[in-house]
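Peer 1: Here are the chains, one letter per residue:
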Amino acid sequence: MADTITQVSSSIDALMQEFYVITHNLANASTVGYKRVANAFSRALEAQGAFADTYSPGTIELNSAFDFSQGGIVETGRPLDLALHGKGFFVVEAPEGPLYTRNGMFQTNRNGQIVTSDGRIVACEAGPITVPQDVGISELTVSGDGSVSSRGTALGKLRLVDFKENENKLLAVGASCFRMPDQDVVPAAAEHIVIKQGYQESSNVKIVDELVDMVMVSRLYEANMKLLSAQKEASSSIMGVAMG
Amino acid sequence: MLRAFSTAATGMAAQQMMVDVIANNLANLNTTGFKRSQINFQDLIYVNMQEPGTEVASGITSPSGLEIGSGVRAASTIKVFTWGELQNTGRPLDIAITGDGFLQISMPDGTIRYTRDGSLQINGNGQLVTTTGYYLEPSISIPTDAASVDIGKDGGVNVTDPAGSVSVVGTLQLVRFPNPSGLSSEGDNLLAETEASGPPTTGTPGENGFGSIQTSFLEKSNVQMITELVNLITAQRAYETNSRAIKAGDDMLRTANQIA
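Heads up: the sequence lines are chains X and B, in that order.
Here this note's numbering is used: the first residue of the first sequence is 1, the next is one more, and so on.
Here this note's numbering is used: the first residue of the second sequence is 1, the next is one more, and so on.
Each hint should be verified, as a subset may be incorrect.
Which chain B residues face chain X? A few, computed with CB under 7 Å, are given here [claimed, not checked]: (1) Leu2; (2) Tyr46; (3) Lys79; (4) Asn208; (5) Asn242.
Think of the hints as simulated: they come from the structure by calculation, not from any bench.
Glycine residues also receive a C-beta, built at the ideal position from the N, C-alpha and C atoms.
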């Protein structure tokens, strides 16, 4: 009996965590370049439920992985809104090491360098790109491979990297950025990627899917709670018999 | 459970801010020289319960970790300086800047503001002013006996006197900024320089990448009504979804309370 209670409570913990993940995804339904956190606990639990003999929620591993699938591409017309289509990331320079992002809503800072909206410099193949004083942002052209030019003069090339099979090792640090905790993993230059100027990559959260998952989590949570209360009643009646 | 509530609340707050930005864009659909704003959201920090690649058993590492995010925040609003449509008004003192650049306006306290609203007027002292009555910088006086005023593509203000002879009384100058999105909006179609925008560079219209001056035209707002309305619907639905998450969390808490 104690066994059942342990299993039910670990299952409840996992469901709560999945619920947090879903609320976080929903909160970021409009965040440019956001990648949803996939947490398949409830689905795995439901699949197990089909074989009542092996029902054992305690054995399902709790984890969350980023779903790096492509988000929608939305036109904005702003010259420094850059959407990535394909696998890869922009590289952002930060004091603690490079960060990786797919939020391409860039700006120029007071020195004319291309920066993220947090003011961090966007890394390029050779030093940061500085937009000359006499060039307006509207005159900037960013080609599909990341080359930035104005009025036919090349200014530099944005650095795009791909982690390939190591992508799932990335850690999210907030502010639309990821970092690579594993020092040994060196990203390769991205190959299968196109930059679209004047577009944004919208969040890849699908509201309907998240809502369906949310309903499933709520129901499974309820079911587990029912099981817990049935256990409580059973144990109190046994205790009643024993104590006379 | 408290975490789910606060996460969903950040989502609702963010969507509400998006609605505020859209409302301001829509309200300025017909404001001369208005530039729409777009909001940039960022995800909040993650609580790292388990790093990816940690050893779960000897020689076996987990392929992914367990990270739980804490919602969203509005990181910034970015003013989008794409050009608005030009509208013919037939008024010789209406000017539009076709390209990059801002007009300089001197405020009563001596500070300089910047605008793309070129509906100029002549005040009682014969000076060129904005519709609100602020002077252009550098100030340009029009002689009281002028028969007509004509502003050239290069910003030269030409005055024809009653005898028919033309003289130049001044030149409009334009400025540009390294980061125009960093300018702060001051109302009255005016923008102010900030630490983020960088210092202004002055120039003559039509030179060094500055736009030229088009008279008898005004630059309309660059707000696209359909885009804004679509964004409005998206924001409204996302707001609703986040409130559903709070409701679901509440129901789960109630279930838990009924057991105890």
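Peer 1: Confirm or reject each hint.
Peer 2: So, going through the hints one by one against the coordinates:
{"no.": "1", "hint": "Leu2", "in the structure": "violated, 10 Å"}
{"no.": "2", "hint": "Tyr46", "in the structure": "holds, 5 Å"}
{"no.": "3", "hint": "Lys79", "in the structure": "violated, 10 Å"}
{"no.": "4", "hint": "Asn208", "in the structure": "holds, 4 Å"}
{"no.": "5", "hint": "Asn242", "in the structure": "holds, 6 Å"}
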